[in-house]
Amino acid sequence: MTVFAPPASRLDAGADVRSRPVPWPGMLWVTWRQHRALLITVSAVFCAAVAGLLVTGLRIHHDYALLIACRPAGSPACQGLSDFFNSTDWHQGEFAHIAVQAAPVLIAMFAGPPVVARELETGTYRYAWTQGIGRGRWTVAKLALLGSLLTIMAFAISQLLTWFFAPFMTTRQLTDLTPTVFDTSGLSYAAWTLVAFCLGAFLGTLLRGTLAGMAATLGGYVGLAAATWFYLRDHYPVRTFWPMQLLEAGWLLILSAALIGGTIWLVRRYAA
Amino acid sequence: MSVLTLPAQPGQDTAPPPVPWRGMAWVTWRQQRALLISVPAVLAAVAVALVIFGLKAHHDYAALVNCPLNQGRQSGACQKLFSHFNSTDWPLANTVSILVALAPVLIGAFAGAPLLARELESGSYRFAWTQGLGRERQVIAKLVLVGIALVILAGAFGGLFSWFFQPFLWTEQMNRLTTEGVFASGGIVFPAFTLVAFMIGAFLGMLLRRVIPALAATLGGYLVIRLAAWGVRKYYPLAVVTGNSKVFSQFGTPSVPGYPWILSTWVTGPGGQPASQSITNGILNGPPGGSVPPGYTEWNRWIPLTHYWPMQCIEAGWLLVIAAALMAGTVWLVRHRAA
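If you read the protein sequences in the order shown, they are chains P and A. Sequence positions in the first sequence follow my numbering and run 1 to 272. Sequence positions in the second sequence follow my numbering and run 273 to 611.
No lab work stands behind these hints: they were computed from the structure. In this text, a Cβ means the ideal position worked out from N, Cα and C, and glycines have one as well. Accuracy of the hints is not assured; some may be wrong.
Sample of chain P residues with no beta-carbon within 10 Å of chain A, all distances over it, derived [as the list claims (entries may be wrong)]:
(1) CYS70
(2) TYR125
(3) PHE168
(4) PHE182
(5) MET244
(6) TRP265
Some chain A residues close to chain P (C-beta under 10 Å, calculated; not the full set) [unchecked claim]:
(7) LEU417
(8) ILE420
(9) LEU556
(10) HIS579
Pairwise CB distance ranges (calculated) [as the list claims (entries may be wrong)]:
(11) TRP298/A to ASP234/P: 25 to 33 Å
(12) TYR580/A to GLU94/P: 34 to 42 Å
(13) TRP298/A to TYR127/P: 30 to 38 Å
(14) VAL496/A to ARG126/P: 35 to 43 Å
(15) ASN86/P to ALA334/A: 27 to 35 Å
(16) THR180/P to GLY395/A: 41 to 49 Å
Isolated chain P, as found in the complex (with noise of 0.2 Å):
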């Protein structure tokens, strides 16, 4: 046989033809070199709020502690612990929850919309979305990883906070259905947290740039969380915490798959 006989085919040499595994966690790589600044801004804002809720906390709750076993109860001494329970004490808390309500959408403002809307506006898009796992695995990889890591974070803060400022549901009068409280006990906040970053990414694809992406992620949630707020909650068929917290979950579920489900169709039908 001559040099140029040509080779016997691999189907002939036994060769495994199975197709190969899809490269999921390779996924797990690439998600943490495009978006470590992300990963490690967000981590090192969670420790910092984990730690002042704690801190802050502890002290609010031994203030409390000592304000209740106050004795005489209308004393000037007693009455200073109030006082000073329901100014300093009261601020701290008041500032704690705007901060932590005001959390979800700056840190879905940042972390959703880049996922997409960078990749097409710098052009690297060509590259990434020529990998074997194809454009629709990656961004579904990416969505996934991230949003999955900031509903978990916003849980536990969530959680923290419902024990940070479980002392002044009595000194003001607050209850479990307090739209402010119930935006940030139970599921509530991890969900909306959730809803707001795939709100990111779907309009991040959509508008095929990050700081339009950025400015419109901010409208669109702050105008869903005000249609909840002043009307949708009214209108829910069941009146107590639990089965309204699961019932406002179900449904911030259910329209972040379909933004997730947005975002990989949008991703699929870019034709450039």
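Chain P is fixed; fit chain A onto it per the hints.
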């Protein structure tokens, strides 16, 4: 004579060409038109909503204030008006006030951070900064033009919000000076905060050279300045000291809403000596301007509501100084950075 040695012709203008500032206005418009269109559009939409809702709030408030005195403020009909106001009008107004408090940093960050950082990130500065106008003048022109536009928009919007929120000052017993969401969201302080946020964004954009990190850092920097302003307001040199003043009883009425902003209280006895602890505690436990034993004087160091505009001027003043310093810093970075 050859062409190469042609002397200057008489009558030719040998002065340098005029600086093309008008061209810079066109360039700023071209580069920033997305921002310069979307920010007024969003503010206009919110303004329309504020006007509609504000008219309703003012109408409800007028009914509440004019609840006939012979029925007394505590009568059933007046109570019903009050609780309706509190359950429908107030929650929406409260949400709006929180969003308006966030408006300066959002407008400033989205306007300021990409202004210079986007050119640096995309590399187009190599073209922009080699134009005839020169990089410093370009940056000054951009900062001034966009800054003026933002200040005008923010000033108008802040004025509208102040009008919108005015009924709630009485129903929620808010002092215009001490309530953060009222003092910093109106007057001249609101546009000053917007300008400072814009300058923080531009400076950090130039420093960090990337848009998204600059945006995030602008949010953080603005929070620091906002907290500083909240903490330092009580030290403005506008406090008055009054003895046995009866003016505090005026507070809580529609024309003087909220509680007086009292910084400190002390009691002196006959002959100007500090009073005993028991008498002082007795007076401190009561409302300010309450009854005082004969011969004793209750001194209060406090800031009256009439000092609203002086306080606004002081705060806007130091905010403007910070904004100017940041602008100078930005121009310095542009000049000295090889990028």
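Any of the earlier hints contradicted here, and which numbers?
Of the numbered hints, 7, 8, 10, 11 and 12 do not hold.
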